[in-house]
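What follows is the residue order along each chain.
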Amino acid sequence: MNLLEVKHLTKTFDNKKILDDVNLVIPDGKIIGLLGKNGAGKSTLIKSINDLLTIDEGEILFKGKKLGVYSKENISYLPERTYLDKGMKVSEVIDYFSEFYKDFDKERAYRLLKDLKLDADKRIVKMSKGMQEKLQLILVMSRDADLYVLDEPLSGVDPATRDYILDTILSNFKEGASIIISTHLITDIERILDEVIFIDEGKIVLNSSADELRNKEKSSIDEIFRRIFKC
Amino acid sequence: MLSKLFKYDFKWMTKVTYIYVLILIVISIALKIVESVDQTFLLVILDKILVSMFISCIVSILLTSSIRIWVRFINNFYKDESYLTHTLPVTKNELFNSKVLAGICSLLLSALVIVACLALVFINKDSLESLKMMWDSLVATYNSVFAVLYVIGLVVLIILEIIYIMMAGVLGITIGHRSNNFKMVKSIAVGLISYGLLSAMSLGVIAIVSKLINYDIIGNGFPSMNYLIGVGGAGLLVYLIYDIVYYIIAKKVFNKGVNVD
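Residue numbers (our numbering), protein chains in the order written: chain A, 1 to 231; chain B, 1001 to 1261.
No lab work stands behind these hints: they were computed from the structure.
You can trust all of the hints, since none of them are fake.
Computed cross-link-like contacts, PhoX-like style, restricted to lysine-lysine with a CA-CA straight-line distance of at most 25 angstroms:
{"id": "1", "chain 1": "A", "residue 1": "K89", "chain 2": "A", "residue 2": "K129"}
{"id": "2", "chain 1": "B", "residue 1": "K1004", "chain 2": "B", "residue 2": "K1252"}
{"id": "3", "chain 1": "A", "residue 1": "K102", "chain 2": "B", "residue 2": "K1007"}
{"id": "4", "chain 1": "B", "residue 1": "K1011", "chain 2": "A", "residue 2": "K89"}
{"id": "5", "chain 1": "B", "residue 1": "K1011", "chain 2": "A", "residue 2": "K106"}
{"id": "6", "chain 1": "B", "residue 1": "K1032", "chain 2": "B", "residue 2": "K1048"}
{"id": "7", "chain 1": "A", "residue 1": "K17", "chain 2": "A", "residue 2": "K7"}
{"id": "8", "chain 1": "B", "residue 1": "K1092", "chain 2": "A", "residue 2": "K86"}
{"id": "9", "chain 1": "A", "residue 1": "K16", "chain 2": "B", "residue 2": "K1186"}
{"id": "10", "chain 1": "B", "residue 1": "K1186", "chain 2": "B", "residue 2": "K1251"}
{"id": "11", "chain 1": "A", "residue 1": "K122", "chain 2": "B", "residue 2": "K1007"}
{"id": "12", "chain 1": "A", "residue 1": "K129", "chain 2": "A", "residue 2": "K114"}
{"id": "13", "chain 1": "A", "residue 1": "K230", "chain 2": "A", "residue 2": "K37"}
{"id": "14", "chain 1": "B", "residue 1": "K1256", "chain 2": "B", "residue 2": "K1092"}
{"id": "15", "chain 1": "A", "residue 1": "K17", "chain 2": "B", "residue 2": "K1183"}
{"id": "16", "chain 1": "A", "residue 1": "K203", "chain 2": "A", "residue 2": "K230"}
{"id": "17", "chain 1": "A", "residue 1": "K126", "chain 2": "B", "residue 2": "K1015"}
{"id": "18", "chain 1": "B", "residue 1": "K1011", "chain 2": "A", "residue 2": "K126"}
{"id": "19", "chain 1": "A", "residue 1": "K63", "chain 2": "B", "residue 2": "K1256"}
{"id": "20", "chain 1": "B", "residue 1": "K1015", "chain 2": "A", "residue 2": "K86"}
{"id": "21", "chain 1": "A", "residue 1": "K122", "chain 2": "B", "residue 2": "K1015"}
{"id": "22", "chain 1": "A", "residue 1": "K17", "chain 2": "B", "residue 2": "K1186"}
{"id": "23", "chain 1": "B", "residue 1": "K1092", "chain 2": "A", "residue 2": "K7"}
{"id": "24", "chain 1": "A", "residue 1": "K65", "chain 2": "B", "residue 2": "K1252"}
{"id": "25", "chain 1": "A", "residue 1": "K89", "chain 2": "B", "residue 2": "K1015"}
{"id": "26", "chain 1": "A", "residue 1": "K16", "chain 2": "B", "residue 2": "K1079"}
{"id": "27", "chain 1": "B", "residue 1": "K1092", "chain 2": "B", "residue 2": "K1011"}
{"id": "28", "chain 1": "B", "residue 1": "K1079", "chain 2": "A", "residue 2": "K122"}
Sample of chain B residues at the chain A side, in silico, Cβ under 10 angstroms:
{"id": "29", "residue": "M1001"}
{"id": "30", "residue": "K1004"}
{"id": "31", "residue": "Y1083"}
{"id": "32", "residue": "T1085"}
{"id": "33", "residue": "H1086"}
{"id": "34", "residue": "T1087"}
{"id": "35", "residue": "R1178"}
{"id": "36", "residue": "N1259"}
The structure displayed is predicted, hence computed values, not measured ones.
We put the CB at the ideal spot given by N, CA and C, even for glycine.
Just chain B, same shape as in the assembly:
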């Protein structure tokens, strides 16, 4: 049943995003073409317009993806559609997990499309050369295994941060909709507080870890391996814990039952 629920949730969450993704791909290709030919005055103006559209499209994709996940939670669990959702022969866990999984997949898909379009537009001979130089410096300073782990760690950290933003909203919605009045106001308040508070806390944790480990500069101006492992590890651990804790709390609250309008 989880796969069936996931199919419908994912389809709904990504429905509008497809339009922005298509526009972004078209703009990316146009940008690539404009930037590859000799620049005239008109082409420079067109280039600036396309860059603005490119940025707006990226912002729209990120916003639409996040908002549609939260709207799906609200509509499906607490508004008119909830009369069908909660009478489907599935467990509450399946209902909740399907939406969380679909949300994560839709956000990751959006992120992947954005990265692909950024690569399409900005990767050329010069930028590739710069990237290669940075990579060589990393490998020379540490070693190739650590350099690979460092990049993977950064990617995982970004993914955990994205999930954290989504889960803060989900937590706000589930707690806010427990009450009978001012459900939306309470949802937004809880969501913002849970996001802001723990973001500040994570900065604090990372600052403490930075203090505990000496910031030694080694070759090429890079910090020591121990420092990167300590701070990066703390960041990864903190966001992983947040994601898990928010997921557990939101699911527990949801499993206690709903009061549909």
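Extracted from the complex, chain A is given alone in its bound form:
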């Protein structure tokens, strides 16, 4: 059974189709890059997978079941926004995650906090946006989920920190789980991708194995992306 199936997904905003008949299958144990220009529909697709939008047509199935409590128990989602209650302390947020997610590993979270030099007693309101993003990454990667959905985890971060974030992701996700990473910073993540999905104007324009694509086109994913989406 596939981990995630998106069937004929269509989403319209103000009479404009943001997603247009999207079909997608996410298997187990793969790192998938969801690549597209700004406004291509990446975030809308990811929000739909996480039940944050109503869909006009089609359906999304997680392990054969419609989105709901089961999918949320098994999908760990990192949005592009900072979503934490600003009045809480870091330790309180960790307790919150631990209370709601059965697969949350508190020890791992505290270890990662130490690694990333974040203070557990600090209030979120007193943290910079970058620190809040790091904290959210820690929370998401401290779960033993079957699918990690990371929306633009590298945007607004300097190149050195990008490598650190990628290493954190790679060294903490559950074995056998899949990761969907949405980004337009392809060079940074190209080395870790098993599969790539190109999305443009709400449509999937390419869905392929990363190695096969590189061999076939004799160029890097970044170059292929630039060629396809040349303005």
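Please build the complex by placing chain B on the supplied structure of chain A, with the hints as guidance.
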């Protein structure tokens, strides 16, 4: 999961109210002390200042409690925090019910504190005597069972009215946030219309019931028992129906799904 959600919702909703409650308690005690000693010119001025502060504090508690419930709904369901709320492994019903329950409890707690502070300030030997006289008249006119039911009915009616105000806001927020544009404007408009329209309707219903039942004056200038039962019952029923209907509609709209920004 509902209890876990409730814990966080209630804590958030009552967070700022605590400050006003503490101030109100301090003012109430100060007022009680000032009013219990012989009044000099300065103490009279202080008394007036404390009374103004007391009233402002009560208004602040009522406003803060209501506004924080609605803000919690908006922030948690439709703003940045919604990215976490809607990805928690809980049902939509649990999310919605937790906030409604926490809202009701926070409003009732605020009301209870206000009543306690009012009692602390204004209950003295004279006012107790007046209350006792009123109670005796009620019991003499009707009977002790009816008098108790009458007071309980009044309290329940006030609680239903408080819930109704909260639910009108919640209904406005859930319907207003279904659209893609002008969400806040639509939320406020729907909330105000749903509150105003049904308030007018309830007055109409009570007026009709009053017409149907004769307003007979019995002993001590009180209306007849039938009249009180009819009008009071109609009021209770109308607000109960409103609360339930608003709750059902708002929950149905919410369960259809959200479109976070």
